[in-house]
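Protein chains in written order, with my numbering: chain A, 1 to 197; chain B, 198 to 754.
Keep in mind that the hints were calculated from the coordinates and are not lab data. Only true hints are included.
With a Cα cut of at most 30 Å, we get these calculated DSS-like pairs of lysine-lysine:
id	chain 1	residue 1	chain 2	residue 2
1	B	K465	A	K159
2	A	K126	B	K556
3	A	K101	A	K122
4	B	K209	A	K174
Selected chain B positions facing chain A (Cβ under 7 Å, derived; list incomplete):
id	residue
5	M198
6	I211
7	H322
8	H379
9	Y459
10	E462
11	H572
12	P573
The beta-carbon is built from N, C-alpha and C at its ideal position, and this holds for glycine as well.
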Amino acid sequence: MEKSLEQFNIVIVGTGGQGLITLLQILAEAALIEGYDIRTSELHGLSQRGGSVEVHIRFGKEIYSPLVAQGGADLILALEIQESLKGVYFANENTTFLINKFFIPILGEKLLNEEEILKELKKISKNHVLIPAADICEKELGSNVVAGVYLLSYASFKKIIPLKPNSILKAIQKIVPKKHYDLNKKTFELAKKYEKN
Amino acid sequence: MFENILEKENKKVILLGNEAIVRGALEAGVQFVSTYPGTPASEIGNSFYQIQNSKDEIKGLYFEFSVNEKVAMEAAGGASFCGLRSLVAMKNFGLNVASDFLLPLVYSGVKGGMVILSADDPSCHSSAQSEENTRAFAALAHIPILEPSTPQECKDFVKFAFDLSEKFEIPIMVRETTRVAHQSAPVKLSVISDQLSKKGKFVKDHKKFVTMPPRVLEMHQELLEKIEKIREFSENSKINSIFGNPTSSKLGIITSGVSYLYVKEALKELNLDIPVLKLGFFNPLPEEKIKKFIGPSAGGLIKVLIVEELEPYLENEVNKLAKEVNCDLRVIGKDSVPEVGELKPEIVIQVIAEFTGKKYKIQDTKYKIHGAKRHPQLCPGCPYWFVFNGVKKAAKDMDVIFGGDIGCYMLAGFSPHNIQDYLYCMGSSIGIAHGIKKAAPPAGGQKLITFIGDSTFFHSGIPALINTVFNKSNPLIIIMNNSTTAMTGHQPHPSAPAEPDGIEIENIVKACGVKNLKTIDPAKQKEFIQTVQKFLKKDEVSIIIARHPCIFLKKKK
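Using the sequences and the accompanying hints, generate a full structural model.
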């Protein structure tokens, strides 16, 4: 990852209301701080109300398409474990799946279990990082809404995302409303602590 | 993000396509903005609303959420007639609503620069009703249309459109698609105009503003001539440009909008260098430039690929031009580029690989997507839960047709509700209900209940209600007054009690001559169910106004 970055493609999957667009904004801002070209794509409207949501961000030297191509993701960030399956379309054998070990039931459907899900994901890529981010944040910070920011920060400390933690923190400061900044900064620090464990 | 819209000049900030449209209008000195919300255009109005209500309020800039798109366009037209620069924004279907005004407006032309923003939604990510391609208005209304690809172009094209509009005294349409409107990228900013002290004045000009025959035929003629002048301008405009060396290849690509980005991505990925003509103008097309690109002066292309979403409008035009300059040219478009659904990078790369005879192996698709589909849901605590549950209980054991309309309550069509038997366009639930009730008379035993939201009722439900009363049929219409335009992001609308000077829907309904009317909080289930049952027996139209605020409004307070 040390060579000059041609491009890095991320698809974030989750459900409406999990704050995917905020994560996208933080990533875009951090990539801008590091001088990259950026394209993102998001969706708004009724379909996002609790439904499956997928947003895209690409950054690098020179980027055109706002959408990640099929099989083109370097990282799939899943804010809900069942939704990670929706990311498979964008995955290849080198793709990393960074997954929030967190279940949101689907109305009228049986919950898929962790083994079933991982079995499917392993067919395409061996790189999975499964983190109970929602539980960690709930336990340590009293809120799981910051699970996405936790995973993002973690990914940056672990160099899963080629953006410096400091850029992520600066971006959080710019994007997150002032009254929520403290919680988000604590989340960032928490990710740093856990990364070392 | 919103704060970036008002950042200082020369800065490079991340903007969403729609935010860049707002910035472009501010840089151009827009003084009058109107809209009716509709995704994927909603953030344009939202941003102006936020500016209007923030400490950064811009003096000399007027903004309103209008009652519907036609009124919004008429208002922006009126402001332009008085010499102010005006912007009106809407989604594709809104342009249909406004089209009755649009056609004569293009005939008469404008005074102050006027830009009409229309946002299409290929793949219908946030649209019911149709996969409309508003490019068709080029042929129908003769309106000049620009198509930006990126947020930077959104800003630059809007600014350019204002100048163009004023120069030729004609409204200019800027057409976005979802992947442009909701794309974000770095944008280099210029100065926000501070020349907003201009006061509008309507200068009477019968020849310009009255579209009566025989003058209207002259206007038609003048419009056609004007379009040819703009075409000359388009021929020399930098927003139609050729990338790559046209004489180096026997192949070429013509494209515009977001498709251009997929083309560039594909050429990079395939390591190809073939010339691309990127069109910023969809109408009027720079015909000479296209002819030069495909004709003998470019060394005589053998094949040209047209990469466009939805209908082959561009392809048809290129086909016509090819007959003039290069009869043997093979124009490849919809026989290889899908006509239904939006384009994606993986589609375009395959198309271009095939076009150039390059081998390209797409990522194996044998991994089909597992996991259940997660449909959107009404929010927990949403008052519509009460309405749908109550209606289902009340109508149990009865043959009831359920009419749908445009709003969050379209979710009536999904589980666990499953009560939506028809759904078309804004306000249509009532008009269709009247027709069904006339065609299937009460003796047949079929009852009909339609749902319509407060904002949709104001938008286009009222004329249909008057028709139902006057021409006498008896649907039960449930107007869901949740005090906001919820689906598109909680924009205000004229209804009381949300607005201090608001209009009581009850008063409108009474004035329309409806006798069976009751306002109920649907949370009071027993009363609600009883009223539904009682009203279903009536021989005249009846209305329940289900009044309970959207939970988001409660949260805000």
